[in-house]
Structures are given as C-alpha cells and as structure tokens.
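Asker: Each chain is listed here by its residues.
There are 2 protein chains.
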Amino acid sequence: MEVPKKKQISHSFRCDQNLSHQAKHLLLELYKCNYEKLNDESFLRCTLNKAAKLANATVLDLISNKFEPQGVTAIALLAESHISIHTWPESNYSAVDIFTCGQTMLPELASQYLIQALRAKEHSLRVIERNPPTSVLKQMRTFV
Amino acid sequence: MEVPKKKQISHSFRCDQNLSHQAKHLLLELYKCNYEKLNDESFLRCTLNKAAKLANATVLDLISNKFEPQGVTAIALLAESHISIHTWPESNYSAVDIFTCGQTMLPELASQYLIQALRAKEHSLRVIERNPPTSVLKQMRTFV
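Residue numbers (the working numbering), protein chains in the order written: chain A, 1 to 144; chain B, 1001 to 1144.
Please keep in mind that the hints were generated in silico from the structure rather than gathered at the bench. All values derive from a computational prediction rather than experimental measurement. One or more of the hints may lead you astray.
Residues on chain B that point at chain A, a partial pick, calculated with CB under 7 Å [said to hold, decoys possible]: (1) LEU1054; (2) ASN1056; (3) THR1058; (4) LEU1060; (5) ILE1063; (6) ASN1065; (7) ILE1075; (8) LEU1077; (9) TRP1088; (10) THR1104; (11) PRO1133.
Quick reminder that beta carbons are idealized off the backbone N, C-alpha and C, glycines included.
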C-alpha cells in the first residue's frame, strides 16, 4: 500500500462552531504493546494510514524508517496536519502524536484504533488544544 | 538541498541521568510571522533541516506539501523522533512540534531558531514531557 506523493484533488474544512476545540494535538503513550507489531514497518505504515482514514483525514504522504536492531518511525503528512508513531519494541512502547485541524476531524478514533492495533495493554492519552487564530479554523484550503 | 532517504550510519544516544527530562515534546505556536517565509516551501525545508541540526538531531528524511492558494507543511523524520511545521500564511501563523528523545538533544535551540527564522513577533511555547519506560531512554540505537 503506497500513498501517492501528491494528490490532485481539492479538499475543504470549515469550522464555524466551537472553534477552540478544532485544533487538537493528541499525545498518546502506548505501553506493553506487541513486540512483532511494533517492529513491522509495513504493518505500521498500513496501520497509520487506516488510523488517518478513521480520523476522517486525508493522507498526502507517508514516510517511515526502520531502525536496527529494532524500532520503527512512521509519519503521515495529512491535509489536516500529521500523525506520527515511534516504536521501541524492546520496551514494548510506542509514542504517538496526532495533530488535526478541522471540524470534521475525529482524532480520538485514530487514537482508539492505534491502541487496539498495537495491542497496548496500558496507555496514556493527553489531548492538548492548539491555539491558532480564528481565521485559520474558518479557512478553506485546496491542496495540489 | 535534499536529504537522503536512508543514511548508512550508526548513531547512539544514552541517557544515564535526569531520565525524566530526556523525552520532550515542544508545542510551539508562532504568530505574526512573515507571509512570504510561511509560503516558501523550499525555505521551510531548509529551515527545518537547520533547526534539526541546531537541536543536535540527525535528519533521516524530510517531506513537504504546498497547499493552494497558500500554506505549507514540512516534516523531518529524525533519528531522535521528528519536527513538523504547518503554516497558514494568510493568518501569519505557524504550528510547530518538536519531539526529541536523547540526552544530547537541544530542542529549545530548534525552537528559538524557528521563531527567528519565521520572523514571529509573538509566540507561545509549551514543553511537555513524554513518558517512555526508562529502558527506552537508556538504549542505544543503530539505524540503517
């Protein structure tokens, strides 16, 4: 599953209500995860892509790096910001962040999916509100 | 300036003291920035690369996307985690996050550099400690 470098489509997001809650940065710590899943670069790329779709986000690019002897970083560049996952399989730990901007975004669904997909027996989630000017949250954007 | 997809080098980071302070996630809001700089994809890629180097980080990959009619996202995948920058030139605003793990990391230097480089007249910086297991912070990693 590869993500095209550039999508020739248009996309819009508008936030006319509850503006202060539309730019969220989720910091997720995943503990006691499955070693094999944390060390599987292809699986993590697919998982990140699916998490983005569940969050109602559009993936524009996706990069990853496999470390030796173990560990993976995967990052999805979204129309609505980004999702990253960094794994330390030897510690059964993964650090995730999900930054989304838009009224239609559902970053908590991405978070829930990642907890399950990586078989995390414990986790810690912090939801932090970013503070863009109101004009950012009301805008319409097209990417090419 | 292009960053190679994979670096064939080894890298290590150890944290034997002050472990609780070695995994930091900086959330930086930049206000009243220079419009042209926020809309210049090449400039932002160079700026992100320089910020990573100032933070004593190793850039493994760097991706970016230019939006229409304006705006850029650029993300650097680091050996030590990641740095991202999302810009809304029409609002003179940029949202940055810098996630670093390692005793030798200096993420505040990257933050200071980005504030200056984008000519932000106002900014807000939150430094959030991530909570990896101690074993993560003591590890040595090699990437290929």
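Asker: Could you run down the list of hints and mark each one as holding or not?
Answerer: Checked hints:
1. For LEU1054 (chain B), the suggested interface contact is broken, since its CB lies about 20 Å from the closest CB of chain A, more than 7 Å.
2. At its closest, the beta carbon of ASN1056 (chain B) sits 17 Å from a beta carbon of chain A; the interface hint therefore is violated under the 7 Å criterion.
3. The interface hint given for THR1058 (chain B) is broken, as the beta carbon of that residue sits about 11 Å from the closest beta carbon of chain A, more than 7 Å.
4. Taken as an interface hint, LEU1060 (chain B) checks out: its beta carbon lies about 5 Å from the nearest beta carbon of chain A, inside 7 Å.
5. Below 7 Å, beta-carbon pairs count as interface contacts, and ILE1063 (chain B) has one with chain A at about 5 Å; its hint therefore holds.
6. Contact between ASN1065 (chain B) and chain A, as hinted, is supported at the beta carbon level, the nearest pair being about 5 Å apart and thus within 7 Å.
7. Hint status for ILE1075 (chain B) relative to chain A: holds, with the closest Cβ pair at about 6 Å, below 7 Å.
8. Here the hint on LEU1077 (chain B) is kept, as its CB sits about 6 Å from the closest CB of chain A, short of 7 Å.
9. For TRP1088 (chain B), the suggested interface contact is upheld, since its CB lies about 5 Å from the closest CB of chain A, less than 7 Å.
10. Annotation: THR1104 (chain B) was flagged as interfacial toward chain A, and the flag is violated, the nearest CB pair being 17 Å apart, outside 7 Å.
11. Hint on PRO1133 (chain B) holds. Least Cβ distance to chain A is approximately 5 Å, under the 7 Å limit.
Of the hints listed earlier, those the structure fails to meet are numbers 1, 2, 3, 10, in rising order.
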